[in-house]
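Peer 1: Following the hints, put chain W in place on chain S, whose structure we already have.
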Amino acid sequence: MKLHETASQTVGPYVHIGCMPNAIGLHDVYPEDLGARMRGESTEGQKITIEGIIRDGAGAPLTDALVEIWQADARGRYGADGSGFTGWGRAAADAQSGVWRFETIKPGAVEAMAPHITFWIAARGINMALHTRMYFPEDETLQASDPVLAGFVPAPRRNTLIAQKTADFMYQFNIHLQGSEETVFFDV
Amino acid sequence: MTDLKGGMIPRDWRHQPPAFTPDYKSSRLRSPKLPKLSMPSTPSEDSGPVFTREILGPLDDDLTLNHAAPGEMAIGPRIIVHGQVKDEMGRGVPGALLEIWQANAGGRYRHKNDGYLAPLDPNFGGCGRAITDDEGGYRFHTVLPGPYPWPNGANDWRPAHIHFSVFGQSFAQRLVTQMYFEGDPLIWRCPIVATIPDRAAIERLIAPLDMAATVPFDARAYRFDLLLRGRHASPFENRPEGL
Chain S
1 MKLHETASQT VGPYVHIGCM PNAIGLHDVY PEDLGARMRG ESTEGQKITI EGIIRDGAGA
61 PLTDALVEIW QADARGRYGA DGSGFTGWGR AAADAQSGVW RFETIKPGAV EAMAPHITFW
121 IAARGINMAL HTRMYFPEDE TLQASDPVLA GFVPAPRRNT LIAQKTADFM YQFNIHLQGS
181 EETVFFDV
Chain W
1 MTDLKGGMIP RDWRHQPPAF TPDYKSSRLR SPKLPKLSMP STPSEDSGPV FTREILGPLD
61 DDLTLNHAAP GEMAIGPRII VHGQVKDEMG RGVPGALLEI WQANAGGRYR HKNDGYLAPL
121 DPNFGGCGRA ITDDEGGYRF HTVLPGPYPW PNGANDWRPA HIHFSVFGQS FAQRLVTQMY
181 FEGDPLIWRC PIVATIPDRA AIERLIAPLD MAATVPFDAR AYRFDLLLRG RHASPFENRP
241 EGL
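Keeping their order, the protein sequence lines are chains S and W. Under the numbering used here, the residues of the first sequence are numbered 1 to 188, in order. Under the numbering used here, the residues of the second sequence are numbered 1 to 243, in order.
Excised from the complex, chain S in its bound form:
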């Protein structure tokens, strides 16, 4: 008999206590926050920085959000590779600006999917954490045959899943919970 998935509840405003205590100055619990380091010195691939802001329906930044990402390595494989690369990162939005940031590497294509990073967003007011994806602006050709981006996302909304390049190896991926630029979120 199939059982029922446990119902989700919001993480509330104090998610940092449990998930990123060091990020709010509680340095006496865990030696470091899980997910704070995604790559090692010998990790293969192009080092990149991704940052962004999550905005609510009034345009205000979410300053209490927790963001997690999950991605393949430079060769398109999932899982830790022994070099210090984990594929998984976690960041807290800055308490004033709402900016979150990841220092990672650019993932390779996974099967027919263009290089992308899975995002998971939790915050006060979000009853069930949101899944979305970030693609890279330079991969237009691969994206044209990406089974998710081209296969499921209506053309006018695809740009909400594509980061902007702001400098060499720097990407900005802003997420909009509501409004004319509402980001695509997945039921996956």
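Among the hints, erroneous ones may be present.
Stretches of chain W that chain S covers, calculated by requiring three or more beta carbons in the stretch to come under 8 Å of a beta carbon on chain S [stated by the list, open to error]:
(1) 32-38
(2) 56-70
(3) 101-110
(4) 113-127
(5) 163-171
(6) 175-186
(7) 198-212
Note that these hints are calculated values from the structure, not bench results. We put the CB at the ideal spot given by N, CA and C, even for glycine.
Peer 2: What follows is chain W alone, placed relative to chain S:
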């Protein structure tokens, strides 16, 4: 274009809260307005991070001690919270990382944004973590958290609760929820609890007192099982569903 196989069983949304729940005011501006795009899971969601016990400290699963000065303990009724992490097929999920956080016995969080009158307990940090055993079992020692008032309606109080964050084997199984305690009259008055439309789904978040697991003259026990989304049992069962 590749045919997406979808390793995860599609989510059953009838037991999950919708995004827009106006009685919980914070959801009003933070709820996406457009429907989520349904798609079969891909290797990006079927896979997920793996956590090993090496990340755990010896007291990570004991909140009565993990922030206490030597020889001291957190103040409050001593409890054990234990249970099993399973998937929708009833299979235990070994190696699941559980992270919990909670208010202290007075209902105060150790967070710079929490200004409630109740005092902080210098011996209570309010967080812990554990990784499930081979059968999916876990156990925490902690103190009973207190209810507290919060700014939503004119006089809203959160029932006593413990926040749970769970990683299963797939990133698509990622779950965050809150555990409540049997008999708390605030549960059915709480706008956050009420975001869940299904009464049976709410009842599954209420941990019953578990006398069998209680340690006499030490700590009462509460049992809380967590159910994660199911994964298809074998590649042969992989079919795109709901397409």
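Peer 1: If a hint holds in the structure, say so; if it doesn't, say that too.
Peer 2: Status of each hint after checking the structure:
1. As drawn, the stretch 32-38 of chain W meets chain S at 6 residues by the rule of a beta-carbon pair under 8 Å; at three or more, the given contact holds.
2. Three residues within the 8 Å Cβ limit are the bar, and the stretch 56-70 of chain W against chain S gives 4, so the coverage statement holds.
3. Counting residues of the stretch 101-110 of chain W whose CB lies closer than 8 Å to any CB of chain S gives 3, so the stated coverage by that chain holds, three being the minimum.
4. Residue count for the stretch 113-127 of chain W with a Cβ under 8 Å from a Cβ of chain S: 5. That meets the three needed, and the coverage hint holds.
5. Counting residues of the stretch 163-171 of chain W whose CB lies closer than 8 Å to any CB of chain S gives 3, which reaches the minimum of 3, so the coverage claim holds.
6. Counting residues of the stretch 175-186 of chain W whose C-beta lies closer than 8 Å to any C-beta of chain S gives 4; at least three are required, and the coverage claim holds.
7. Counting residues of the stretch 198-212 of chain W whose beta-carbon sits less than 8 Å from any beta-carbon of chain S gives 6, enough to reach three: the coverage restraint holds.
The structure is consistent with each of the numbered hints, conforming to all of them.
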